[in-house]
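Participant: The chain contents come next:
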Amino acid sequence: MDGVSFEVRGGECFGLAGESGAGKSLTLRAVIGLLPPSTSLARGTVLLRGEPYHARSRAQRMGMVFQEPKTSLNPLMRAGEMIREGLRVHGVRGAHAKRSAIALLQEVGIEDPELRLRSFPHQLSGGQRQRVAIAMALAAEPAVLLCDEPTTALDVPVQERILQLLDRLRIERGLAIVFVSHDLAVIGRIAQRIGVMYAGRILECGPATEVLARPCHPYTERLLASLPRIDAGMPARGILGEPPSPGRWPSGCRFHPRCAHAKPDCSQAPYVLMDCGPDRQSACIYWRELELTAQRECA
Amino acid sequence: MSRFGFVGKRLLQTVPLLVVMLFVVYALVRVAPGDPAQTLLGLHATPARVAHLDKELGVDKPLLKGYLSYAWGALHGDLGNSVKAQQPVATIISNRLGVSVWLLAGAMLLSLLGAIPLALLAALRQGRSADHGIRMVSVLGLTIPTFWLGLVLVSFFALPTGLFPVSGFGQGVVGHLHSIFLPALTLAIGIAPIQIRALRLSLIGVLDSDFIATVRAMGLRERRVLMRHVLPNAVSASLTLLAAQLGVILFGEVIVENTFALPGIGQAMVQAIIQRDYPVVQGLTLAAALLVVGMNLLADVLQVALDPRVELR
Amino acid sequence: MSAQGLQSGILGLMSREEREQPRQAGAGSLKLRTGVGIVALFALAALLAPLLSPYAPDSQDLLHTLTGPSAQHLLGTDVVGRDVLSRVIYATRTDLPVAAAAVLIPATAGSLIGLVAGYFGRLTDTALMRTADLILAFPVYVLVLALIAVIGPGVGAIILAASVVDWVIYARLVRSEVLRVKSLDYITAARASGLPHRRILFRHVLPNVIHQPVIYMMSDMVLLILALSSLSFLGIGVSSPTAEWGRMIAEAEPFLRLHPWLILPPGLAIVTVGIGFALIADALADRYRT
Chain Z
24 MDGVSFEVRG GECFGLAGES GAGKSLTLRA VIGLLPPSTS LARGTVLLRG
74 EPYHARSRAQ RMGMVFQEPK TSLNPLMRAG EMIREGLRVH GVRGAHAKRS
124 AIALLQEVGI EDPELRLRSF PHQLSGGQRQ RVAIAMALAA EPAVLLCDEP
174 TTALDVPVQE RILQLLDRLR IERGLAIVFV SHDLAVIGRI AQRIGVMYAG
224 RILECGPATE VLARPCHPYT ERLLASLPRI DAGMPARGIL GEPPSPGRWP
274 SGCRFHPRCA HAKPDCSQAP YVLMDCGPDR QSACIYWREL ELTAQRECA
Chain P
16 MSRFGFVGKR LLQTVPLLVV MLFVVYALVR VAPGDPAQTL LGLHATPARV
66 AHLDKELGVD KPLLKGYLSY AWGALHGDLG NSVKAQQPVA TIISNRLGVS
116 VWLLAGAMLL SLLGAIPLAL LAALRQGRSA DHGIRMVSVL GLTIPTFWLG
166 LVLVSFFALP TGLFPVSGFG QGVVGHLHSI FLPALTLAIG IAPIQIRALR
216 LSLIGVLDSD FIATVRAMGL RERRVLMRHV LPNAVSASLT LLAAQLGVIL
266 FGEVIVENTF ALPGIGQAMV QAIIQRDYPV VQGLTLAAAL LVVGMNLLAD
316 VLQVALDPRV ELR
Chain L
234 MSAQGLQSGI LGLMSREERE QPRQAGAGSL KLRTGVGIVA LFALAALLAP
284 LLSPYAPDSQ DLLHTLTGPS AQHLLGTDVV GRDVLSRVIY ATRTDLPVAA
334 AAVLIPATAG SLIGLVAGYF GRLTDTALMR TADLILAFPV YVLVLALIAV
384 IGPGVGAIIL AASVVDWVIY ARLVRSEVLR VKSLDYITAA RASGLPHRRI
434 LFRHVLPNVI HQPVIYMMSD MVLLILALSS LSFLGIGVSS PTAEWGRMIA
484 EAEPFLRLHP WLILPPGLAI VTVGIGFALI ADALADRYRT
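These protein sequence lines map, in sequence, to chains Z, P and L.
If you count the first sequence from 1, you need to add 23 to reach the numbering used here.
If you count the second sequence from 1, you need to add 15 to reach the numbering used here.
If you count the third sequence from 1, you need to add 233 to reach the numbering used here.
Where hints are given, some of them may not hold.
[Stated by the list, open to error] Each pair of labels, with its calculated beta carbon distance range:
{"no.": "1", "chain 1": "Z", "residue 1": "Gln215", "chain 2": "P", "residue 2": "Gly20", "range": "32 to 38 Å"}
{"no.": "2", "chain 1": "L", "residue 1": "His297", "chain 2": "P", "residue 2": "Gly142", "range": "23 to 29 Å"}
{"no.": "3", "chain 1": "L", "residue 1": "Tyr521", "chain 2": "P", "residue 2": "Val46", "range": "37 to 43 Å"}
{"no.": "4", "chain 1": "L", "residue 1": "Arg355", "chain 2": "P", "residue 2": "Gly142", "range": "22 to 28 Å"}
{"no.": "5", "chain 1": "L", "residue 1": "Pro330", "chain 2": "P", "residue 2": "Gln53", "range": "29 to 35 Å"}
{"no.": "6", "chain 1": "P", "residue 1": "Arg140", "chain 2": "L", "residue 2": "Thr298", "range": "46 to 52 Å"}
For the record, the hints were derived by calculation from the structure and aren't laboratory data.
Yeah, the Cβ is synthetic: ideal placement off N, Cα and C, and Gly gets one too.
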């Protein structure tokens, strides 16, 4: 992973898309300062409201919601205790903490919050767990909420409701959200701006509607084409080949071995994000020449 | 199912096990080569005495009948009489049990006190030199013979410094603690390596998990993350392991009691083996087996109490 | 239950996959080479004991007792003036073969039983598993002690008692491996082609499961050398004039106060050979970890 850089504004949701192994989750963990010990040397800066952010900083915080709600809650703690752990961070304790916890559970749409305070994670459904996880993250009053595929492990209807919840929190709390998913459709639903990651790099970014309607990078095009579509009645088309594994990145544009439009000098192309429209960038040196469509090619 | 119901059911499940255990213990005397009474009394014993002892040992009866009367006695606390000490086996056990329990509890406590911080350190420094060092020391701990370690501690630490008694059980609680410390430490060093290994693995698993990332992301202090979230999730496994280790720990007790001349059950066991005092061997074997079954039961119950996830089946 | 958990604990110690970074290349083979080197050294000492020992192991010299290390006696002499170095060397002829026998017998028997039970399944299998559960429900070493009491102290009793208990571990180990291998395609193919069971078992199944008991045998050697020396120390194992490490330590015990160095050579011998076997077990487990 290198040269990953993006910006989220308050009250905005930034979607980070890409195949598994592209480095999306790693990016999030790097942002919050939780890289696994085996990761070699990570450098970079995270600015929160213009100031450098440290994972342990007490004044400004980020919250994180994970993919698998089964594992993201302490199995030995009741929901209420977990939320209170977050409240402790800024000194809310005692009876006040209990009221706050109930309010938080209400805010994330848990029914019967007083009862649920006393539930252990294994007594909650997947959707409920994810809501509790969100409530926990909110308890620490973060400015930014990092979501690592928070809907992937859920059933579709539950997925939809969690997305609505996140959207509401973004508007009501002015929360900045970074939303990681491999699913462009989900990202399109929730994000205002999108970054498309591949092999540890952001290949394209820009406003969600723009990127999805008129991709400026062949990879985004292929990703869009691989989405299943009900109306077209055609099987979704995957991308040829496997994504490269970390440490064995191809030279030049890392997507060129799998790119349908690849030209000889793609293997020497430097990695630069070029402006390709208002508030939009692409890393493809041929973005101007290529006629990319958001549609699947008509057969 | 209620928690009481669960405990009751686990108790019931051990009944067939106890029946078979009793049988194995009883059968020990029956598989002994030759006539056990003759072996015990020597070649010059009168036939009358041999017959009397045969009766005492219960080997004059058919197998099943002998077993039933042994089991019946055992259920009533009658484990027969020591052939050499002219004392009921039950008395020997109850006189010596205290020492052994002190030693056992002390060793378990010391081993956990050592293993938990070391495992935590190894897990937090995973793959680095502290981790490798701790793992190497724990392999070393497993290859060191307990009795030798005890003697090394005695001759190179206790004797030169005079800080600790090297034998006996001392008087009063302070005396007990004082005299139990070195033996318990010796035993603990034998127990701890496996604890460290297992605990380290489970700590690494917990440290890796999403919910630890969640609480860290919330900005909790590292100390609180470790004490409140990491340890409770990893430690319950080591209680279960401790119960599982009990068989080996008991062998360690036998060795340590003999090394430090502690008048516990282990010392009685070795004496009984050397003197071929079958009723005592049987009684002590049974006591050890009961202890192991009981500890495993206790570990299960604790597990249920500590971990809300455990299903009550 | 108890002992089974314990054994898997010990197994885990030696073999369970431990999530860690990729080892440095060669670290595994260095471990293996060191382990094999240590064990080979001890085996050689056992074979060449008469050549290597400066004195006969039981020749007494009552004029030079408890001398401490000197040019004549590199590791000093014991209470009846026997050369400690020679006795430590000769003890390899007791400790290693006895431990090896107490490992090999249950390993062979247990592996065969596990092989048959796992392969044929059904009644054999059920009978095996019940017996195993029962034996493992006992505190294993206490059972060994009780068996020694019944048979009468001595080397034979130790080997026999260890075998009665220990085969279970191997049987379970091999059985679970066989169950895994049995479902693989090539075994199914071999069965379908009508090869006789015996040939399938020994030509196709056994080679694919044998690494498990072999790895465990190495850890088991550590345990049995410890058990043998401990029992001898307690006076219910190898009996006196024979040179044996645990026995030597017991004989040195009364002189702890004035001659503490006497317990060092035999103890260090036990630790060293134990580390050798532990290293082999660890390296082999690394190699077969998939």
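Participant: List in ascending order the numbers of the hints, as given earlier, that are violated by the structure.
Facilitator: 1, 2, 4
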